[in-house]
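**Q** The lines below spell out each chain.
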Amino acid sequence: MALVEIRNVDKSFQRDSQRIDVFTALTLDIAEGSFTALMGPSGSGKSTLLNMVAGLDRPTRGTVRVAGSEVSAMTSGQLAAWRARHIGFVFQTFNLLPVLSAYQNVELPLLLTGLSKKERDERVKVALGVVGLEDRMEHYPRQLSGGQEQRTAIARAIVADPTLILLDEPTGQLDAKSSQELLGLLARLNHEFKKTIVMVTHDAHAAERASTTLHLEKGDLVEKGMVTR
Amino acid sequence: MTRGRLVWANLMRHKWRTLLTTASVAVAMFLFATLRSFGTTLDALSQWGSANRMVVRHATAIVFPLQMSYAQRLAAVEGVAGVSWANWFGGWYQDPKVFFANFAVDGPSFLALYPEIVVPEEQKQEWLRDRASAVVGVDLMEKYGWRVGQNVVLNGTIFPGEWQFTIRATYTSATRAFDERSFMFHYAYLDERTNHQAQPGWFYLRIANGDDAPRIAATVDGMFKNSNSPTKTMTEQAFQASWMGMFGNVRTLMNAIGLAVVFAILLVTGNAMMMSARERTREVGTLKAIGFGDRTVGLIELAEAGAVVLTGTLLGVGGATLLWKNIRVAAIEQFIPGFQVATNTIWISAAIALTLTLVSGLVPALRASRMSVVTALRTVE
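Just so you know, the sequences run in chain order A and B.
If you number the first sequence the way this note's numbering does, the last residue is 229 and the count never jumps.
If you number the second sequence the way this note's numbering does, the last residue is 381 and the count never jumps.
With the rest of the complex left out, here is chain B:
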């Protein structure tokens, strides 16, 4: 037998209590890791973006359109190696309440700008050839049970009417920051169906040298400063950050809820540890009478709290990490693609586990180590 075996035997004295306390810690730490991951994933997304891509949008807000004529002028700016454009379509499929992202993009230039979007070559050629066709993310295909070649009707909101598309291609994403749940079709089709009334919502620029970004932004915005559609040009990363900024204080709220859950569990665990220690007061006296020192007896109590908290943390945070790494929940991925537990969340959870162990185990440990043998032996359980 070892002292570790003694700790284990004490934990197994009330199996259900130990199991439920461990489960409480596991659930709390799972929630903490998950809730905190909303913030960290948003942060990671706001950092995402190629240093060689920029976005040009309306200076007032992204909802205001730009003008198609800008494309040629943008391409002429020194340092700009490629231009593409897109527009938010905002159509719904079958049920107005069911949402997924759908855009009109300029196919050839868009795919050239975004090598992260991987389309099988044969399908890509099919899509580029058919003006009324769409390329759809594999997750969305799976969700609706669509197949390549199928006709899909979207109901326009910004551009009213029924819009029929043939799915010619599917895409996967080489990065989790770009979701696989979007529906993209040709801008030319939008332009044609709206009698050339559609305007690009934003432009994408590929720049030859990332260091030129500030100069190019200033040049572009200066070019259109006095036009009807003044622009705001920014790096893709800054664009992403402004998009993520729309979530506002959600991350603060999530973190606060996560910490509140952990605090509640601290009280539960502390109570369970105190109860367990009180029940064994006479045994503390016996161990001391046998020759176990004050510190050893205290450490045994602390080790019990540590075993419960660390096991719970391992299950909770480990479970959250594995779950969000391997399973994509549509409701989350739709708004926060690439949702997963960040490494710093794991470290913070470890620090919380250590604090939980100390706070919940320290009181019974100190009580056990400081109690005189005679007092402990006289205790009536």
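Looking at chain A on its own, in the form it has when it is part of the complex:
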């Protein structure tokens, strides 16, 4: 069953007088419980596609549905509330708030829920436990390594138990060892916690950890690789 349904999506940008078409009539399904790697050269539209699935960007034409909701038709206010409930987003540059501790960064999405302080505390500790950072929760981002920062970002992405986890080049700023640890963690989230994951990556080794690999080139889906693990 498809969790993400993309139908006849066109996406174009206007740069000065130039119109740049990123996608034309793109159609794609992403299955629930899958771990999908989205690959392709720079400018192929990987991040744009991820942003549209997350409701951060809108298609010029066509529809994007996630878990039955038509994301492309929502207002800005509806999208914010929807993202808080359904999306966990991980950025290449971690994007942790430097003025907050690891614990507080992870707690941020829970401020948008009606959970009590105690419930929030339990969830934050579980999320930090899953990524192996129980002993770093009072540390600030500047006191963490790159790998630890990215694991904190993943804890922030999973703490509200979202429907979908989206990652934009999550290993882009990490060394080989940290990358492997992170990919192991993602695989665990997918297998053990049954999380649907979509990861944009340049890294073929990273993509190998995914169950499905999609290749984008100049806005077209040129190859579909299905790996069963």
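Hints in this document: simulated from the structure, not taken from any laboratory.
One or more hints might be untrue.
Unchecked claim - Sample of chain B residues lacking proximity to chain A, with all beta carbon distances greater than 10 Å (derived):
hint	residue
1	F99
2	F110
3	V138
4	E192
5	A351
Said to hold, decoys possible - With beta-carbon atoms standing in for the labels, derived distance ranges:
hint	chain 1	residue 1	chain 2	residue 2	range
6	A	D175	B	W16	52 to 58 Å
7	A	Q180	B	W16	55 to 61 Å
8	A	Q14	B	T379	18 to 24 Å
9	B	F263	A	N8	55 to 61 Å
10	A	Q14	B	T343	37 to 43 Å
11	A	S145	B	W16	27 to 33 Å
12	B	W16	A	E5	48 to 54 Å
13	B	F263	A	H202	50 to 56 Å
14	B	A9	A	S145	20 to 26 Å
As the list claims (entries may be wrong) - To give a feel for the contact side, a few chain B residues facing chain A, derived at Cβ under 7 Å:
hint	residue
15	M1
16	R13
17	E283
18	A289
19	G291
20	M371
21	V374
All values derive from a computational prediction rather than experimental measurement.
For glycine and all other residues, C-beta sits at the position ideal for the given N, C-alpha and C.
For chain A, the structure is supplied; the task is to place chain B on it using the hints.
**A** Just chain B, lined up with the frame of chain A:
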């Protein structure tokens, strides 16, 4: 954690910038409250005065004297319950540049007319008994380190020569509108030392019924209309107002300077808020990506401006209010006794703080709330 904690964390990102911006607002609001208080205190003083007291002065100006013979005729006017008189002495002590108010008054009738002037009974009797003595406000006593029983020499300007007085009594004032920095001695002594050449500068009247004031004023002025010293009789409040009118446009000038300072700080605060918001553009994108709505993100920015401005206002206006309530600065009290921050200044300051918050915080708040997530995330800091 709460959203308030997030606002606090953002403010503490650059502690010194936040501290200095808050301090700028505090200083500006202190100055505004203080400068505006000159006007409001003058207004309050011009309103001060008993409904049962009137002042009779020369019709042309207060600097022209009246005649001592008026006292009996004034006392005979229907509705007048008491008469007193005084004259400006204008003497200096030790240094001609050092000024304090010194008057010749008719002691017994003056104290009877002004119960606000509180003199210990024993000292009062001593003063009334000694013709060459003075009663001095406690502030003035403290300023010169004088003590009761001490001899003080004033150098006369209007009435030349060295005038020696013995301080027999001190007074305190039951109202801040009447200062505690005056030096008063017996009119009889002035009269005696000038070979009866002195004349009263003005008369005070106590009237039985405040409603009779217009009639009494008309009667008194009519009585002396064709004399060498025609009079102008007015309520004490009107007399006070005409005295305060001598400050002219000082209050307008003070208010203008105060508002100019606030406007300058508006620019400083706005700039600091804009700078702070620009530095965090990517974080705005992150918050929105997490699920924070446009309005929430905008309100967080506005709350930061509000926290800085309101804290600064609280410190500045609160500081001015407490300072001028508890400390009397001689240079101010000499001309504007009872100088303090009025309640309406506090309300106006609150309104200014609200405006400052909106004007300095609205632009970054709108920018943050309107910015698309993708644009914010792509921003290079």
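**Q** Decide, hint by hint, whether the structure agrees.
**A** Now the hints, each set against the structure:
1. F99: holds, 57 Å
2. F110: holds, 68 Å
3. V138: For V138 (chain B), whose nearest Cβ neighbour in chain A is about 54 Å away, the distance exceeds 10 Å, so it holds.
4. E192: For E192 (chain B), whose nearest Cβ neighbour in chain A is about 80 Å away, the distance exceeds 10 Å, so it holds.
5. A351: holds, 31 Å
6. A:D175 <-> B:W16: 52 to 58 Å: This hint is violated: roughly 35 Å between Cβ atoms.
7. A:Q180 <-> B:W16: 55 to 61 Å: Since Q180 (chain A) and W16 (chain B) have Cβ atoms about 42 Å apart, the given range 55 to 61 Å is violated.
8. A:Q14 <-> B:T379: 18 to 24 Å: holds, 19 Å
9. B:F263 <-> A:N8: 55 to 61 Å: holds, 56 Å
10. A:Q14 <-> B:T343: 37 to 43 Å: violated, 57 Å
11. A:S145 <-> B:W16: 27 to 33 Å: Between S145 (chain A) and W16 (chain B), where Cβ atoms are some 29 Å apart, the hint holds.
12. B:W16 <-> A:E5: 48 to 54 Å: holds, 52 Å
13. B:F263 <-> A:H202: 50 to 56 Å: holds, 53 Å
14. B:A9 <-> A:S145: 20 to 26 Å: holds, 22 Å
15. M1: Since the shortest Cβ distance to chain A is 5 Å, the answer is holds.
16. R13: Check passed: Cβ of R13 (chain B) comes within 5 Å of chain A, closer than 7 Å.
17. E283: holds, 6 Å
18. A289: Cβ of A289 (chain B) sits 5 Å from chain A, so the hint holds.
19. G291: Status holds, d = 3 Å.
20. M371: Violated - the Cβ of M371 (chain B) stays beyond 7 Å from chain A, reaching only about 11 Å at its closest.
21. V374: With Cβ-Cβ at 5 Å, under 7 Å, it holds.
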